[in-house]
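K.L.:
If you want the building blocks of each chain, they are given just below.
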Amino acid sequence: MKLTRRDILGSAGALLVAPNFAFEAQAAEPQMGGTMVMVSTQVPRHLNPAVQSGIATAIPGTQIFASPLRYDADWTPHPYLAESWKVADDALSVTLNLVKGAKFHDGKPITSEDVKFSIETIKAHHPFKTMFEPVSSVETPDEHTAVIHLAHPHPALLLCLSGALCPIIPKHVFGDGQDIMNHPANSNPVGSGPFKIAEFKAGQQIVLEKNPDFFIKGRPYLDKIVIRIVPDLSSIILAVEGGQADFLPFLAESQSIIRLQKSDRLGVTDKGYAAVGPINWLAFNTAKPPLDNKAVRQAIGYAIDRNFITKALLRGIAKPQRSPIIESSPFFNPKMPSYGLDLNKANAMLDQAGHKKGPDGMRFKLTVDYIPGGGEEQEGIAQYLKSQLKKAGIDIEVRASPDFPTWAKRISNYDFDLTMDEVYNWGDPVIGVHRTYLSSNIRKGVIWSNTQQYRNPKVDELLNKAAVEKDPAKRKGFYDEFQMIVGDDLPIYWVNALPYHTIYNKRLGNVPESIWGSMQSMDEVYWKKA
Amino acid sequence: MSTIEPAIGGGVPEPVSPLREAWTVYRRNAPAVFGTLLLFAIVAFVLYGTFIYKGDPYEIVWAPQTPPGVEATVPLGTDNLGRDLLRGLLKGGGPTLAVGAAAAIITLVIGILLGGIAGYFGGWIDDLLMRITEFFQVLPALLFAMVVITLFSPSTITTSIAIGVVLWPQTARLTRAEFLKIRELEYVMAARSIGARNGRIMWKVILPNALPPLIVSATLTVGVAILFQAGLSFLGLDDPNTMSWGLMIGTNRQYILDAWWPVTFPGVAIFLTVFAVSLVGDGLNDAFNPKLRER
Amino acid sequence: MGLTAYIVRRLIYGIILLAGVLVLNFFLIHAAPGDPAETIAGAMGGATAEMLSGIRAAYGLDKPLLTQLAIYLGHVAHGDLGMSYYFNQPVISLIAARVGPTILLVFAAQLIAITVGVVMGVLAARKPSGPLSAVITVLSTVGYAAPVFWTGIMLIILFASIIPIFPVDGMTSARFSGGFVAHVVDVLYHLALPAFTLAIIFLAQYSRLSRASMIDVLGADYVRTARAKGLSETKVVFRHALRNAVLPIITVAGIQFGNLISGALLVESVFNWPGMGRLAFDSVLRRDYPTLLGILFFAALMVVIANLLTDLSYRFADPRIRTGGR
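Quick note, the sequences are listed as chains A, B and C, same order. Each residue of the first sequence is one higher than the last, beginning at 1 in the numbering used here. Each residue of the second sequence is one higher than the last, beginning at 1001 in the numbering used here. Each residue of the third sequence is one higher than the last, beginning at 2001 in the numbering used here.
The set of hints was computed from the structure by calculation and includes no laboratory data. Values in this document were obtained by computation on a predicted structure and should not be read as measured data. Treat each hint with caution, since some may be false.
Derived lysine-lysine pairs resembling BS3-like cross-links, with alpha carbons at most 30 Å apart [as the list claims (entries may be wrong)]:
(1) 365(A) <-> 1054(B)
(2) 1054(B) <-> 390(A)
(3) 1054(B) <-> 357(A)
Cβ pair distances, simulated, as ranges [what the hints assert, rightly or not]:
(4) 1047(B) <-> 2078(C): 50 to 58 Å
(5) 1199(B) <-> 2234(C): 55 to 63 Å
(6) 2246(C) <-> 1027(B): 34 to 42 Å
(7) 42(A) <-> 1055(B): 34 to 42 Å
(8) 1189(B) <-> 2216(C): 51 to 59 Å
(9) 364(A) <-> 1059(B): 13 to 21 Å
(10) 2096(C) <-> 1021(B): 56 to 64 Å
(11) 2096(C) <-> 1034(B): 46 to 54 Å
(12) 1189(B) <-> 2070(C): 46 to 54 Å
(13) 1055(B) <-> 2066(C): 52 to 60 Å
Reference listing, derived: stretches of chain C covered by chain B, where coverage requires no fewer than 3 residues with Cβ under 8 Å from a Cβ of chain B [what the hints assert, rightly or not]:
(14) 2088-2102
(15) 2140-2147
(16) 2152-2162
(17) 2294-2300
C-beta atoms are modelled at their ideal positions from N, C-alpha and C, and glycine is treated no differently.
Just chain A, same shape as in the assembly:
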């Protein structure tokens, strides 16, 4: 039924003519119209991805706003709002040629001025500072041409121009002088994408309606997308099983996935999450003894059984992950050490590090935190660590936080020993990986910065070089070396890739399976003819 990635690669030529961002076989004929009901636990603050990161805003945000480029499942960029683009030979500028006749939802034309405004807004306000930091200026020689000038080569730029990372927002709406972070239009946006906002009930429901003047003719297929926000997992599963909902992205709970896989009516896929690159890991506070000692961190690595976690605890649904770069990324280095379970070695290393066992068989005491509400991936693994690390003479106290802000405050103020954490790669390592390991990103009070307080000048140097290297092979070389070093320093013990799955009604065609999945335009999704 489903095509493999290799089959797709074989027909890559055809893809360029008619880019197809989903890889469900097109057996049934696409049908125009219909409503797709999506359920999600994610509560968006507002709908403008230009100034807000996260899945919650990205899913509706990418339906409302178009980006210059979009990606397929093989990390290849395709034209979207930019019908073509050109990277200069010196890699210091990128020229975007916009689709002619494209209009915002209010009928005003989408021009290069809007592209310039959008990039400048994102540069100034989006939490992912590395995306457009190298952009020195955006030139607009004519209405349909935007030239992005760079201070230095920025190989991640094309990816930063896709998906939720670069929504093209209307200057005439958002540039009216009001504070963009709290702009009223963030909750009622005038967009550029295939769907327009029909209803936004904060924390309850988002209704998106087909944009009849979308710049790709004949798209979108669907008339309407309803995003129903339901906080309770069991209710969500019931809604999908009962047919009240057709589409459930970002489901990671193993038991529910196994349950839904048994359904004949429902499709279950783990495709569509390559760019998100969600990694579940155990972070060490590397500034705090005894964890400031590399040998202690490595010993903990040898004491943990990653296979037990993925196979038993996570019921075989999750894939093991041993690198800071998601293993499905082209930048992953398969030579990374994996720290297979070896309790003797762990105990010997701890002895050697001067942490002899006390009379109670314990060497020292550590706390482990976890993200509240994270279920088996977080609390489950934290509890597992407690019983497992006892075998290496480490007394673990699991410390629960009542809510996310409390946890974030503890971790970002370095009030922790060990913590479970979930961090996303966000496509290019420059966006989602560098932030965790650069010593320049040790920023107290900021969650998902380098809260491990990890410092290694060689790592800083490699990452800074990789950020500006235009030759892909050389760039990969830098990342390979970086991975080997952090694999040895082990500021973080990477546990598994979060097993995000999409559940969908099998009557839906072209279910999004590109690297961005549902965080990219779903104009190609359609109802099959019954």
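Since the structure of chain A is already known, use the hints to place chains B and C on it.
P.N.:
Same frame as chain A, but now just chains B and C:
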């Protein structure tokens, strides 16, 4: 506000030892005796169970979602992470009951103090205190408790205080009504005429005579407080490092489609406790007011 | 005192109470440990020192406390409860979208509780020491003693999972299309399970109450006379006895309103009902203080209105009642 008092008033002291008489009535009341025994059993289960059935309730001990009665090491089965539910029930009972009792005591102290002063002194003091009481009754109790706990970070102590702070108005009204009634009685007048100080009269003369309805009210408050504690920890407004029955329901509700037992057992535990407390409260009420028996 | 004067007096009193709630709200949030600005910054995803002082200025947190209080009260008087820390929306519009569903749930539950409770009470009163009476008493106590969120979960397991006949995905079907009548039916269908769950806790109160007043009345002289005149038992019950139970039921219904809202908080969370309770719960988790305090204010407002209505209906049901209290 309506000035109708709860139906458990009317504790006019009688010459024969009222406690002895009440006990006679109480022990003939089958539901009350059943409730008392049930309550004792639950308290014993919680107090001594952990000595017999030891272990950390957070520890992963067996395969996740093992049904009850399938595996001898985990007689009541395991939750979504593979934790022993029996351990959770035993360890989680303590905080649940403790918060219930502590909150009831706080309620009683605030309620008796304010209600007593209002009822005894009357006049503008009464007016002022009753306005304050009404003010607190305007705030939906659970919501108010949620706000207090959120602002002052959840712990067993915060939870007890928050529940006590939101539940006292009813006790205050009851105490006030009793004091209003009793302060006009002869022996109070007599005490006053020999120059006894106000505090002494309130504490030594009126309060003991007002006690029966207050005891009933306090008992029922324990039940309400347990339900509040459970509700708050179900919502996640409790110290997650302290196991409690409500917390067990809250963390396992997500997985009810595949496993009914992790939410069912702690719910039954809460239900039985509150049920037992209510039977005891009703029994006490009947015992102190034999005439109301028919109702 | 005339009715108008009475209502005006009660309204003024209600406004004073609500102002008190606001002042309490305000001091609560400022007495809490931690800087509100840092809390706001946390919701935005972390902040630098400049951003913090910017937030303080934007929310007026750099002014003296009493000035802040005056500003806050002034805003509320103009219907402005501030901006949510989480959503990019004014608190008032967030709450406005949620008040309706909560009122619907609370009233439906109240209606079910009173109807079923009274029927249970009447049945029990006919033979106060009979087995039916005992069963009813036990059943209603069981309903009271079971935690409402747990009852809800049990009903979901039963009626949404094992026998899937009721939906649990909110207040309406996401795919809904149809006219007004179909819409009402759709909402009622979604309402059934949560309203029934919430009603269960209050059954005990109403059944006991109506049982007690029925027993009182059924022994009274005029009822005996009515019976002697040959009136059917049903007529006796409904024409004479039940009328006597109306006043205490109204009273209790008024007193219970705050508790109903408390219960709704939990029920909404269990059934994904899009009301104020769920918003309150979400706001707690997000430390969205302005929204939380706004909800507290609105809930108090609802209770004040409910109390006023109770007193009025009291007066209506029994004109002998003197209004105006002490």
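K.L.:
Hint by hint, say whether it matches the structure.
P.N.:
Here is what the structure says about each hint:
Taking the CA atoms of residue 365(A) and residue 1054(B), the gap is near 22 Å; set against the 30 Å cutoff, the hint holds. For the proposed pair residue 1054(B) and residue 390(A), the alpha carbon gap of about 18 Å is at most 30 Å, so the pair holds. Annotation: proposed proximity of residue 1054(B) to residue 357(A) holds, straight-line Cα distance about 25 Å (limit 30 Å). The supplied range of 50 to 58 Å is met by residue 1047(B) and residue 2078(C), whose beta-carbon atoms lie about 56 Å from each other.
Separation of residue 1199(B) from residue 2234(C) is about 58 Å and conforms to the stated range, judged on CB atoms against 55 to 63 Å. At about 37 Å, the beta-carbon gap between residue 2246(C) and residue 1027(B) stays in the expected band of 34 to 42 Å. Checked against the hint of 34 to 42 Å, the pair residue 42(A) and residue 1055(B) passes, with Cβ atoms roughly 37 Å apart. For residue 1189(B) and residue 2216(C), the hinted distance range of 51 to 59 Å is not satisfied, since their beta carbons lie about 33 Å from each other.
Roughly 20 Å separates the CB atoms of residue 364(A) and residue 1059(B), a value that falls within the hinted 13 to 21 Å. For residue 2096(C) paired with residue 1021(B), a C-beta distance near 57 Å keeps the hint of 56 to 64 Å intact. Between residue 2096(C) and residue 1034(B), the C-beta spacing of about 49 Å keeps the proposed range 46 to 54 Å intact. Between residue 1189(B) and residue 2070(C) the beta carbon distance is about 50 Å. The supplied range of 46 to 54 Å therefore holds.
Restraint check, residue 1055(B) to residue 2066(C): a C-beta distance of roughly 54 Å satisfies the suggested window 52 to 60 Å. Judged by the Cβ-Cβ criterion of 8 Å, the stretch 2088-2102 of chain C is not covered by chain B as claimed, because only 0 of its residues qualify and three are needed. Given as covered by chain B, the stretch 2140-2147 of chain C passes the check, having 6 residues with a CB less than 8 Å from a CB of that chain where 3 are the minimum. With 5 residues having a Cβ less than 8 Å from any Cβ of chain B, the stretch 2152-2162 of chain C passes the three-residue criterion, so the hint holds.
Check on the stretch 2294-2300 of chain C: 4 of its residues sit with their Cβ under 8 Å from a Cβ of chain B, so the three-residue criterion for coverage holds.
Checked against the numbered hints listed earlier, the structure breaks hints 8, 14; every other hint is satisfied.
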